[in-house]
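Fit chain B with the ligands to the given chain A structure using the hints.
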Amino acid sequence: MSGKSYRVVGHSLRKKDAMSLLLGKPVYLDDVAPKGALVVKLLRSPHPHALIETIDTTNALKVPGVAAVYTYKDVPKTRFAIAGQTYPEPSPYDRLILDRHLRFAGDPVAIIAAETDAAAARAMKLIKVTYKILPAVLDPHTAKDNPVLVHPEEDWFPPCNVGGDNRRNLVASEVGGDGDVEAVLADCDIVLDRTYHTPACNQAMMETFRTYTALDGYGRLRVLSSTQIVFHARRILSRALGIPKSRIRVEKPRIGGGFGAKQTAVCEVYPAFVTLMTGRPAKLIYTREESQIAGSPRHEMEVHLRLGANRDGHIRALDVFTLSNTGAYGEHGPTTVGLSGHKSIPLYTGGLEAFRFGFDVVYTNLQPAGAYRGYGATQGIFAVESAVNELAETLGMDPTAIREQNMVREGMRMPAYYGEPNNACALDRCMARCKELFDWEHRYPVRDMGDGRVRAAGVAMAMQGSCISNVDVGSATIKLNEDGGYNLLIGAADMGTGCDTILAQMAAECMDCPVEDVAVFGADTDASPYDSGSYASSTTYVTGKAVELACAQLKQKLCALAAQKLGVAESGVEFTPSGVVCPADGRVLTLSDLAYAAQCGSQTALEATVSHSSPVSPPPFMVGMAEVEVDTLTGEVRVLDYKAVVDCGQPINPALARTQAEGGIVQGIGMALMENVTYDRHGKPVERSFLQYRLPTRLDMGHLQVEFEQSNEPTGPFGAKSIGEIVINTPSPAIAHAIYRATGVWHRSLPITPEKIAMGKQ
Amino acid sequence: MTITIQLNGRPVTAEVSPDTLLLDFVRAHGCASVKCGCETAGCGLCTVFLDDVPVLSCSVLAARADGHSVTTLEGLQDEAAEFVGFIADQGADQCGFCNPGFVMNTIALLRDNPDPTDEEIRSYLAGNLCRCSGYEGQLRGIRSFLNSRKEGAQ
Ligand code: FES
Ligand code: FES
Numbered sequence: 001m002s003g004k005s006y007r008v009v010g011h012s013l014r015k016k017d018a019m020s021l022l023l024g025k026p027v028y029l030d031d032v033a034p035k036g037a038l039v040v041k042l043l044r045s046p047h048p049h050a051l052i053e054t055i056d057t058t059n060a061l062k063v064p065g066v067a068a069v070y071t072y073k074d075v076p077k078t079r080f081a082i083a084g085q086t087y088p089e090p091s092p093y094d095r096l097i098l099d100r101h102l103r104f105a106g107d108p109v110a111i112i113a114a115e116t117d118a119a120a121a122r123a124m125k126l127i128k129v130t131y132k133i134l135p136a137v138l139d140p141h142t143a144k145d146n147p148v149l150v151h152p153e154e155d156w157f158p159p160c161n162v163g164g165d166n167r168r169n170l171v172a173s174e175v176g177g178d179g180d181v182e183a184v185l186a187d188c189d190i191v192l193d194r195t196y197h198t199p200a201c202n203q204a205m206m207e208t209f210r211t212y213t214a215l216d217g218y219g220r221l222r223v224l225s226s227t228q229i230v231f232h233a234r235r236i237l238s239r240a241l242g243i244p245k246s247r248i249r250v251e252k253p254r255i256g257g258g259f260g261a262k263q264t265a266v267c268e269v270y271p272a273f274v275t276l277m278t279g280r281p282a283k284l285i286y287t288r289e290e291s292q293i294a295g296s297p298r299h300e301m302e303v304h305l306r307l308g309a310n311r312d313g314h315i316r317a318l319d320v321f322t323l324s325n326t327g328a329y330g331e332h333g334p335t336t337v338g339l340s341g342h343k344s345i346p347l348y349t350g351g352l353e354a355f356r357f358g359f360d361v362v363y364t365n366l367q368p369a370g371a372y373r374g375y376g377a378t379q380g381i382f383a384v385e386s387a388v389n390e391l392a393e394t395l396g397m398d399p400t401a402i403r404e405q406n407m408v409r410e411g412m413r414m415p416a417y418y419g420e421p422n423n424a425c426a427l428d429r430c431m432a433r434c435k436e437l438f439d440w441e442h443r444y445p446v447r448d449m450g451d452g453r454v455r456a457a458g459v460a461m462a463m464q465g466s467c468i469s470n471v472d473v474g475s476a477t478i479k480l481n482e483d484g485g486y487n488l489l490i491g492a493a494d495m496g497t498g499c500d501t502i503l504a505q506m507a508a509e510c511m512d513c514p515v516e517d518v519a520v521f522g523a524d525t526d527a528s529p530y531d532s533g534s535y536a537s538s539t540t541y542v543t544g545k546a547v548e549l550a551c552a553q554l555k556q557k558l559c560a561l562a563a564q565k566l567g568v569a570e571s572g573v574e575f576t577p578s579g580v581v582c583p584a585d586g587r588v589l590t591l592s593d594l595a596y597a598a599q600c601g602s603q604t605a606l607e608a609t610v611s612h613s614s615p616v617s618p619p620p621f622m623v624g625m626a627e628v629e630v631d632t633l634t635g636e637v638r639v640l641d642y643k644a645v646v647d648c649g650q651p652i653n654p655a656l657a658r659t660q661a662e663g664g665i666v667q668g669i670g671m672a673l674m675e676n677v678t679y680d681r682h683g684k685p686v687e688r689s690f691l692q693y694r695l696p697t698r699l700d701m702g703h704l705q706v707e708f709e710q711s712n713e714p715t716g717p718f719g720a721k722s723i724g725e726i727v728i729n730t731p732s733p734a735i736a737h738a739i740y741r742a743t744g745v746w747h748r749s750l751p752i753t754p755e756k757i758a759m760g761k762q
Numbered sequence: 001m002t003i004t005i006q007l008n009g010r011p012v013t014a015e016v017s018p019d020t021l022l023l024d025f026v027r028a029h030g031c032a033s034v035k036c037g038c039e040t041a042g043c044g045l046c047t048v049f050l051d052d053v054p055v056l057s058c059s060v061l062a063a064r065a066d067g068h069s070v071t072t073l074e075g076l077q078d079e080a081a082e083f084v085g086f087i088a089d090q091g092a093d094q095c096g097f098c099n100p101g102f103v104m105n106t107i108a109l110l111r112d113n114p115d116p117t118d119e120e121i122r123s124y125l126a127g128n129l130c131r132c133s134g135y136e137g138q139l140r141g142i143r144s145f146l147n148s149r150k151e152g153a154q
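If you read the protein sequences in the order shown, they are chains A and B. Numbered according to our numbering, the first sequence terminates at residue 762, and the numbering increases by one at each position without gaps. Numbered according to our numbering, the second sequence terminates at residue 154, and the numbering increases by one at each position without gaps.
Be a bit skeptical, because a hint or two may be false.
[As the list claims (entries may be wrong)] With a Cα cut of at most 35 angstroms, we get these calculated DSBU-like pairs of lysine-lysine: (1) A/Lys73 x B/Lys150; (2) A/Lys756 x A/Lys555; (3) A/Lys245 x A/Lys4; (4) A/Lys77 x A/Lys245; (5) B/Lys150 x A/Lys128; (6) A/Lys144 x A/Lys479.
[What the hints assert, rightly or not] So the derived label-pair ranges between C-beta atoms look like this: (7) A/Asp526 x B/Ser17: 34 to 44 angstroms; (8) A/Ser5 x B/Gly152: 41 to 51 angstroms; (9) B/Asn147 x A/Leu640: 19 to 29 angstroms; (10) A/Leu51 x B/Thr13: 45 to 55 angstroms; (11) B/Gly152 x A/Ile243: 57 to 67 angstroms; (12) A/Met759 x B/Asn147: 19 to 29 angstroms; (13) A/Gln553 x B/Ser17: 34 to 44 angstroms; (14) A/Lys62 x B/Asp78: 47 to 57 angstroms; (15) B/Asp78 x A/Ser246: 41 to 51 angstroms; (16) A/Gly452 x B/Asn147: 32 to 42 angstroms; (17) A/Leu437 x B/Val53: 52 to 62 angstroms; (18) A/Glu570 x B/Gly152: 37 to 47 angstroms; (19) A/Cys160 x B/Asp19: 30 to 40 angstroms; (20) B/Ser144 x A/Val745: 39 to 49 angstroms.
In short, the hints are calculated from the structure, not lab data. Note that the Cβ used here is the ideal one computed from N, Cα and C, for glycine as well.
Isolated chain A (complex conformation):
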């Protein structure tokens, strides 16, 4: 089914910044930050759990060029959270800028500010610290109620009640459900009881975390940061530094990738503190190593589930319990875990009679986790989709047929998805189209290629959300200029996704003008209208709707002004691309006429600002199919082909939506086969660089093909839902499935490395 056709929306226009980016123009933080800033470096704890007994900075301060060295003694004593979330945040306030208590190998011990890199590096070596090493909590299984507490402090504070208790190493805990799971499970022909494990993966965006800070002409703190969340970053800084929000301005330049990593204010507080203390500009650029060991990776989750079904393939009950490891601090801990159930179980709303979903989120002395594309749904979907594949293989059924039998369909209410209605859903068509595209019938059967090489295929479905319902706010301001062009001001953050362009496409569609006539600006807390930021797949759906509504308001203002100038009733004029016309007598006021009229003796501002929030979060849906070739001798896996069909509602810019999908699939392939975050027995992270943390290259991803099956979401702008996150969810379960088909072994723990395959270990 194809949707409505539009003039600008639904067309694959180039990104507005494409030529700047492709020709290497200086647009990123380190390109545009003024020279001469103090270089900020952080001395980090070598121990996963320790107290600073003594710290002596005397010698470090003597190094020529060192401007300052700060320790826990120098910083404010108010705890805060660095998760970019709407206030009051579900994440606990458990951080200080520097703390005497060090909670992971990588926790900052001291801040060094110097004129040069070399001076800062020298000073770092000269800080003398004696540590009192504490026993560390390194295993999430034994974290809850462990006698060793990661956050024993009295001033630990959860702004929301999410079932956490710092005296139990517990960040959040909950159980909920619908129907009598135990009774339904007892009545099922078959119950699979399985545990699946997803490690912490790094977003590994190519541009590491970085922030520049300075005082502006008014003595306010100007923060230029590679962030997805300018407004949350301002609020976080205000609390952490103890200065009012009106004294802070946060802007973002072009961002070299985020994927959720930059939904946490990972590094902003350090240079900001230096600037406040010294009055001087300061810049902190994380090394790749720092981004790997002290960033904000995916939450490690272990999902234990029981799936009950009848012999005919009817899936009747799902009982899911997730243990999530948030690491040393609680950023995004209470929220990511929710998606592991609420965005996996509803896929099977079709036949489900009961479900239960519970979780514990625990502190450990490991790298704190954060937000990564998929945000918990990825981990939950790996578990649920793998279990459904196991069910199909156990019953000898085609795994696509079992899904067709049980999947959620348009018009259903989804009890496991907060009871929301499924207003627009092409999941069934995605499955049908993907089977056709992939030639499932011929490629599902296992093929022996000789020499121990086996080809096989696997499948998975996925869903996500399109915002945090009743929470996320997107806003847009649209203004008319004297030449008839527009400025579109947003607080959402284009991190390469192309949101500046697609929002301009929507504005151009509404204002009936070429997209070139819409100049986009974002994001700057001083100038942009409030936006929660670019995360939770919300920008197209929420901010996009704000654009649509702001345009409608501006049109109305234009018509009112024109009617007044023409001396007719407002109902007597019409908005057209060339201006406002009075059809009765053919008189026209061009947009330029109106803009000039508003600049002379006028009391009308030709601009409109609208904030939007949605009571629902319509899920996008997707089907992915993988063909792999396994060398059963060496365990080497090659992904030969990956086909996916996505229902993101109306794609606003199909080329950009496709690239999001392809990029997400390749990240998912990395997660399935190679990306891992592990620790040595002293609790130190092993994968400290790209030499150890292997990302997929062009040689690792086979051939990709992505298509769209459109649905029309009534609450979305132009029928759109979201695309940014869902795309990472299908590769892990589909590839694990294909590997089972090839080898006869289910791998329930990611990544599925050649060693694991060759050893036949799960």
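Relative to the frame of chain A, chain B with the ligands by itself:
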């Protein structure tokens, strides 16, 4: 120490310390297109030409380029402009942080081999990581550039 480098065709003489990386040197001399993604010769973002041969500037000392010519994307704007629009048409520019290194190596590839197969493209560019695009759009972009060039030649 003092070194002189022909940077994008113009001589640049500067005082550097023996451990200055070529990456930092070129960035300090107006070539901000050159990016650092990993510091360990693993991502390809810092690719520049040293005497027309692509090298990873994070792993070359500035001193080693003394007396040689170094080219960055700033010096290849016209040659790049010929094909990067095809990448833009695929939406494969994405965050763009990897683009300069990718464009540099693609220029090197096309100079070496004006009519590469998909496999040759993939293997030549294997050292250029991109976390955003999934690579397929970059490949489609190069392919459609090559196709359009062939059509133009006919
Ligand atoms: S920065 Fe040189 S290869 Fe990564
Ligand atoms: S476009 Fe972002 S890393 Fe390639």
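Now the hints, each set against the structure:
no. : hint                                    : verdict
1   : A/Lys73 x B/Lys150                      : violated, 68 angstroms
2   : A/Lys756 x A/Lys555                     : violated, 61 angstroms
3   : A/Lys245 x A/Lys4                       : violated, 44 angstroms
4   : A/Lys77 x A/Lys245                      : holds, 18 angstroms
5   : B/Lys150 x A/Lys128                     : violated, 66 angstroms
6   : A/Lys144 x A/Lys479                     : violated, 54 angstroms
7   : A/Asp526 x B/Ser17: 34 to 44 angstroms  : holds, 40 angstroms
8   : A/Ser5 x B/Gly152: 41 to 51 angstroms   : violated, 31 angstroms
9   : B/Asn147 x A/Leu640: 19 to 29 angstroms : holds, 24 angstroms
10  : A/Leu51 x B/Thr13: 45 to 55 angstroms   : holds, 52 angstroms
11  : B/Gly152 x A/Ile243: 57 to 67 angstroms : holds, 60 angstroms
12  : A/Met759 x B/Asn147: 19 to 29 angstroms : violated, 46 angstroms
13  : A/Gln553 x B/Ser17: 34 to 44 angstroms  : violated, 59 angstroms
14  : A/Lys62 x B/Asp78: 47 to 57 angstroms   : holds, 52 angstroms
15  : B/Asp78 x A/Ser246: 41 to 51 angstroms  : holds, 48 angstroms
16  : A/Gly452 x B/Asn147: 32 to 42 angstroms : holds, 39 angstroms
17  : A/Leu437 x B/Val53: 52 to 62 angstroms  : violated, 42 angstroms
18  : A/Glu570 x B/Gly152: 37 to 47 angstroms : violated, 54 angstroms
19  : A/Cys160 x B/Asp19: 30 to 40 angstroms  : violated, 50 angstroms
20  : B/Ser144 x A/Val745: 39 to 49 angstroms : holds, 42 angstroms
Checked against the numbered hints above, the structure violates hints 1, 2, 3, 5, 6, 8, 12, 13, 17, 18 and 19; every other hint is satisfied.
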